[in-house]
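From first to last, the protein sequence lines are chains F and B. Using the numbering used here, the letters of the first sequence map in sequence onto residues 1 to 398. Using the numbering used here, the letters of the second sequence map in sequence onto residues 1001 to 1169.
To be clear, the hints were calculated from the coordinates, so they are not data collected in a lab. Take these hints with a grain of salt, some might be off.
Computed footprint of chain F on chain B, listed as stretches where at least three residues anywhere in the stretch have a Cβ under 8 Å from a Cβ of chain F [unchecked claim]:
#1 1015 to 1021
#2 1061 to 1068
#3 1097 to 1108
#4 1127 to 1133
#5 1150 to 1164
On a predicted model such as this, the values are computed, not experimentally measured, just so you know. Backbone N, C-alpha and C define an ideal beta-carbon position, used for all residues, glycine too.
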Amino acid sequence: MFWADPINTIYKSWMTGLTSLGLSGSLAQVLLYLLGIILIISGAMVLDIMLVWVERKVVARFQGRLGPNRVGPFGLFQPFPDIIKLIIKEDTTPKGADKFVFNLAPILSLASVIFLWAIIPLAHNIYGVDLNVALLYLVAAGALGTLSVIMAGWSSNNKYALLGAFRQVAAMISFEVPMIVALLIPVIFTGSLSMNTISSFQADNYWLVLVSPLGALLFLIAAIAELGRSPFDLNEGESEIVSGYHIEYSGMKFGLFYAGELLHAFTFGGFVSILFFGGWDGPFAEQFPILGVFYFLIKAMIGYWVIMWIKYTVPRIRIDHMLMFNWKFLTPVAFALLIVTAVVHPLLIGLNNWVYVASMFLINVILGWVIVEFLRSKSKKERAAAETVSVSAAHSHS
Amino acid sequence: MEASQIIFILSAILILSSAVLVTTSKNLVHAALWLISTLFGVAILYVLLDAGFLAVVQVVVYIGAIAIMFIFAVMLTRRELLDTSEQINKSWPMAAGVAALLMVALGALLAKWDGLFKLPAPMAEGVDPIQSLGIALTSPDLFVLPFEVASVLLLAALLGAVYVAMDKK
């Protein structure tokens, strides 16, 4: 009983315990829900502490270093000295800063990530809330994250901070378009905006990455841009605007931004897994939901690893290139994929499952191939044009 | 008192007090931030009414797009970012008169309405509001025409924006 539905079992036994103590039913319910919220938030935060170690260790491997290896086995306890350092640092506020907004921004930044954990289905019966508009909720929480960046950039009274905030907003507003379009693709297949329905559909049928690999790729790219991670880390731009919107923050306030960024990346790894890789789906996940949580965390960690892999491999993109990449490439491709999926999916759905999956996969591959071929011929022409210009310029000089 | 009533009163206080602060704060960016808090309070009211879709759209559109655009406009059009400005001009007595009149009229209307102190009726079992909304927006018997007209309007606005921003050679 407990292993089949742990949360409900605990809820029922505590509910009877609390009401036998003389609490009214509704008050006990509010208390238990509050406890659940605190549990989810603390779970996410404890995970976040370990993500500091994961991030530092992985980046060290990518750069041919060892990474933290002094405190504890494999440097596993490194985050704790880091936290102590952040706490005992002097808390500085720049002159002319807008104190209230300045202090609110890091809290809002972390909160916008923690909001996301409300809708994550950790297993088929372990989740915060089964929202029927969860995909839109995801976008709304991102909007609050953007707001926190603007608030930090404006209130710091620092031009670099403000520049970073401006860039972030330009990136967020433009990459929201392909992201929402990519989010619509799981909706077409499952007929629902709810994360729980999307992941249980995949557990019953097939993982959506098989029928829409291009959609998964588009969502990953848009998610990286939403996170403001390299190659889209223009908001921080360490070599030009030092570190952008959080340049004036010290101590734990900076820590909140940093923790928010790491948890955000991990959470989006989780969303990639929920939307396209089955979420909690795996062997025996239905019978033992705890196993589902384990599968989900593993998949989210792999998604997070891919995001890190991209971050530490590719250099930063220039802002005009980024906007061009978004509006002239990503958005049209996303819309093309959406249209093709919306038309082909209802035509093929009656077929045998395997034939259906194989043909959807093939269509995605063909679409991707056509796009790449088109881009190659276009860039060839552009390169040829640029070469003739430089050749004629060299002639006119001589 | 029920939990939904407590939440309603708290969010009403949030909405009204931040709406007052929108008009009284001298700093334009502060006014925009208080406006965001007002709009967020309205989103809470939508949640109380079981209109989850409207609540989320309220946050996405008003906080994620419009309020951020306000802040952008303020930041880009003012020379000083900590600039303050006059809040009232000389026609304020007239505006105050119109507002007072409207408030009296609304109060009179509400006094005649018998639903003022009632709780909202619970939603019917087995109704998925977002599914009903989707059917309503695409069904020919319901709102497909207004929906399409609104889409065409948005498309026209999009084309207009592209035309205005286009580099004419």
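Now the hints, each set against the structure:
Against chain F, the segment 1015 to 1021 of chain B contributes 0 residues with a C-beta closer than 8 Å to a partner C-beta. That does not satisfy the three-residue criterion, and the hint is violated. With 5 residues having a Cβ less than 8 Å from any Cβ of chain F, the segment 1061 to 1068 of chain B passes the three-residue criterion, so the hint holds. Only residues whose beta carbon comes within less than 8 Å of a beta carbon in chain F count, and the segment 1097 to 1108 of chain B has 0; fewer than three means the coverage is violated. Note: the segment 1127 to 1133 of chain B has 3 residues with beta-carbon separation from chain F under 8 Å; the three-residue rule is met and the coverage holds.
Note: the segment 1150 to 1164 of chain B has 0 residues with beta-carbon separation from chain F under 8 Å; the three-residue rule is not met and the coverage is violated.
Taken one by one, the earlier hints fail for this structure at numbers 1, 3 and 5, listed in ascending order.
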